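Asker: Take these sequences, add in the hints, and give me the full structure.
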Amino acid sequence: MTAPETVEKHTMAVLVDNEPGVLARVIGLFAGRGYNIESLTVAEIDPQNKLSRITIVTSGTPMIIEQIKAQLNRIVPVHGVHDLGEEGPFVERELALVKVTGGAETRAETLRVADIFHARVVDTTPESYVFEMTGSTEKLNAFINLMTPLGVVDISRTGVVAISRGSAKF
Amino acid sequence: MAAQPEVQELSGAEMVIRALIDQGVEVIFGYPGGAVLPIYDALFKQNRLRHILVRHEQGAVHAAEGYARSSGKVGVVLVTSGPGATNAVTGLTDALMDSVPVVCLTGQVPTHLIGNDAFQEADTTGITRPCTKHNYLVKDVNDLARVLHEAFMVARTGRPGPVVVDLPKDVLFTNGHYMPPESVPARKSYRPQIKPEAERIAAAAQLIMAAKKPLFYGGGGLINSGPRACTLFTELARLTGFPVTLTLMGLGAYPASDKQYLGLVGMHGTFESNNAMHDCDVMINIGARFDDRVTGKVAAFAPHSRKIHVDIDPSSINKNVRVDLAIVGDCAEVLAALLAELKAHKYKADSARIAPWWKQIETWRKRDSLRYAKSDAIIKPQYAIERLYALTRGRDVFITTEVGQHQMWAAQLFKFEQPYHWMTSGGLGTMGYGLPAAMGVQLAHPDALVIDIAGEASILMNIQEMSTICQYRLPVKVFILNNQYMGMVRQWQELLHGGRYSESYTAALPDFVKLADAFGAVGMRVEKPADVDRVIKEMIAVDRPVLVDVAVDPTENCFPMIPSGAAHNEMLLGPEDKQASGPISEEGMVLV
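Which chain is which? The protein sequence lines are P and R, in order. One gets my numbering by counting positions in the first sequence from 1 and adding 14 to each. One gets my numbering by counting positions in the second sequence from 1 and adding 91 to each.
Please keep in mind that the hints were generated in silico from the structure rather than gathered at the bench. Computed from a predicted model, the values in this text were never measured in an experiment. Heads up, some of the hints might be wrong.
Stated by the list, open to error - Below are the DSSO-like pairs computed for lysine-lysine, each with C-alpha atoms no more than 27 Å apart in a straight line:
1. R/K303 - R/K388
2. R/K164 - R/K136
3. R/K628 - R/K471
4. R/K619 - R/K471
5. R/K439 - R/K303
6. P/K64 - R/K230
7. R/K619 - R/K605
8. R/K279 - P/K64
9. P/K183 - R/K279
Claimed, not checked - Here are the simulated distance ranges between beta carbons:
10. R/N266 - P/T148: 46 to 54 Å
11. R/N266 - P/T139: 51 to 59 Å
12. R/F264 - P/D60: 28 to 36 Å
13. P/E22 - R/F210: 45 to 53 Å
14. P/E22 - R/E290: 22 to 30 Å
15. R/E290 - P/T20: 28 to 36 Å
16. P/I51 - R/N207: 25 to 33 Å
17. R/E290 - P/A45: 33 to 41 Å
18. P/A45 - R/T646: 42 to 50 Å
Said to hold, decoys possible - One-sided and incomplete, this derived list gives chain R residues near chain P with beta-carbon spacing under 8 Å:
19. R220
20. P221
21. S280
22. Y281
23. D404
24. P405
25. N409
All residues carry an ideal CB built from backbone N, CA and C; glycine is no exception.
Answerer: Here it is in structure tokens:
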């Protein structure tokens with residue numbers, strides 16, 4: 015209770031019933047109790063059982079992280095909360111669409127950087143490219159940082175999705 | 092499959108009535124309006140459900156809370172859309188904070204108008220999401236029966252709480268299939284943990300057997316778990332010989348007349364309770380949540396203790412105070428397991444081991460921290476409550492309160508021997524709770540003596556319910572400790588804000604005797620200490636609603652008190668303590 019506890023970043027997978035209002039319950043909980051959301055993604059993963067998976071990247075002291083998990087579990091349509099880092103190794107991926115414009119003097123360099131990062135061109139015009147890039151949040155940040163001086167005009171990112179390594183569920 | 096023959100075609104409104112009856116509901120508290128007219132029509136055509144027409148929807152929810160808390164059943168509310176639902180929000184939040192099982196049915200505009208800013212439309216599920224345990228918007232009549240039964244299950248089980256079911260008007264008119272409660276499938280995502288883990292029980296037993304300065308700290312979870320939990324708690328306390336303290340919500344979970352009972356704990360708890368909490372070496376928290384009113388300064392809270400925390404809600408554990416041993420489960424189940432474990436060890440109370448601890452506690456007890464300066468000239472509020480307690484002995488008496496000084500004095504001085512007899516707004520601290528709650532209690536216990544111990548400011552917040560009380564001839568007694576101030580506000584202004592009594596004095600109070608008369612109740616007023624007994628006896632003797640205006644000392648403060656930001660062993664014991672303690676810390680000033 016003396017020294018302030020260190021703030022840790024956690025990635026959680028939350029399995030929920032895909033019903034109206036469930037995302038609002040989760041977001042409202044974070045807003046109402048003052049927890050951080052660094053990233054949140056949601057999509058249905060099991061249409062037959064109407065289950066969705068929410069991936070939340072959050073940060074807080076160990077006591078707050080414990081609270082977040084307990085509070086999420088209290089929501090009636092929540093089936094389970096998995097703190098991926100605590101349960102073992104896991105992979106995290108994010109997808110970004112990055113629009114870069116520029117004249118002839120930068121086009122070659124833009125493509126070269128994209129090639130280094132294995133970004134795919136998904137749209138092109140004489141004065142623009144749209145790149146699709148998948149990777150860790152850090153890799154996406156590095157790509158965007160290199161592209162910015164070359165003429166980034168718009169970015170759309172999905173936020174993090176994550177899954178455990180190996181055969182373990184979640 | 093077995094339920095096939097039971098499937099019936101009913102209108103949504105008929106289904107609501109049928110589901111309530113199948114859930115064993117006898118009384119509902121409500122107020123009609125456009126969106127719920129189909130339900131009121133269905134209500135009119137039957138005579139099994141009794142509807143109590145309140146005067147404000149907030150009153151309906153508090154009445155349902157009083158009904159629930161005094162009976163162990165689910166309280167049921169029926170209100171219309173828009174303002175009906177928004178007026179219920181305070182009551183729902185109150186029920187959430189104090190874990191009271193309530194099902195609140197709200198009308199809604201027809202589904203095709205939702206989102207159109209229709210007349211009396213409000214986003215009820217949106218508004219009530221953070222103030223309910225769960226809520227539903229039913230858009231298909233074929234989901235209605237399942238949702239209603241599930242709502243009762245969610246409200247009643249685990250850590251109880253309020254559940255809202257929002258009912259669009261077109262759904263109430265449409266016919267659909269009804270299913271009885273037993274045909275409703277269990278909800279896979281909702282599984283409260285009832286039974287504790289065996290190894291944790293074993294660890295708790297070890298801590299208990301080794302304790303030298305133990306303390307039981309019981310809370311509202313014992314009351315919610317039910318009379319069995321309270322009996323087992325008492326049995327465990329007797330078996331161990333350990334001292335017991337209770338929170339505001341836990342009063343009645345352990346007999347207050349017992350010599351092991353130290354009284355209320357927390358901000359206005361007794362000297363012996365709070366010092367025992369500060370100095371104990373093993374704290375056994377059963378169904379309490381380390382609320383800030385109990386812990387005071389968290390950094391200085393029971394610094395030398397090992398803490399066991401029993402709670403049905405894992406989110407209560409390690410929220411405010413880090414504990415050494417968490418046991419998730421229902422209080423009764425945990426206590427039964429703990430008793431079995433101790434008996435398996437052939438455990439017997441070791442009174443020699445804890446004798447020095449009891450000796451210490453007795454020295455604290457000798458301070459007599461609830462004492463106050465008696466007066467022959469003016470009625471001390473404490474005296475009024477002491478006499479009320481003394482003169483209602485031997486009766487089945489239920490107490491509700493409003494919020495403020497009178498509430499704390501009632502908690503300190505009225506002694507409860509059994510659960511379900513004390514109803515107060517603890518978590519939310521809702522002024523205006525007591526009168527409608529008393530109404531709900533009286534409906535659950537028609538022959539009991541139900542008294543709302545009130546303040547003159549709080550009572551005015553839901554005074555309209557006097558009209559309901561009179562309509563149904565409920566012999567509720569309202570015992571107003573009238574000091575002309577919002578007493579607790581005044582007390583804090585005196586102690587923390589240099590005596591600048593900003594807006595805490597009510598300059599134009601009604602004549603409560605005439606007010607009672609206007610509602611059709613009996614009004615009484617008492618101004619002298621010598622008349623207190625006579626008036627209380629008269630109040631009890633009248634078999635009608637009574638409003639008693641007790642003129643009490645306007646300057647009396649509620650002691651003992653742990654000033655905000657202070658530790659349990661830094662209590663103020665009385666007015667003479669003010670100077671000694673020095674000014675309240677800046678850190679404490681910002682706390683509520």
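Asker: Of the hints stated earlier, which fail here?
Answerer: As far as the earlier hints go, not one is violated by this structure.
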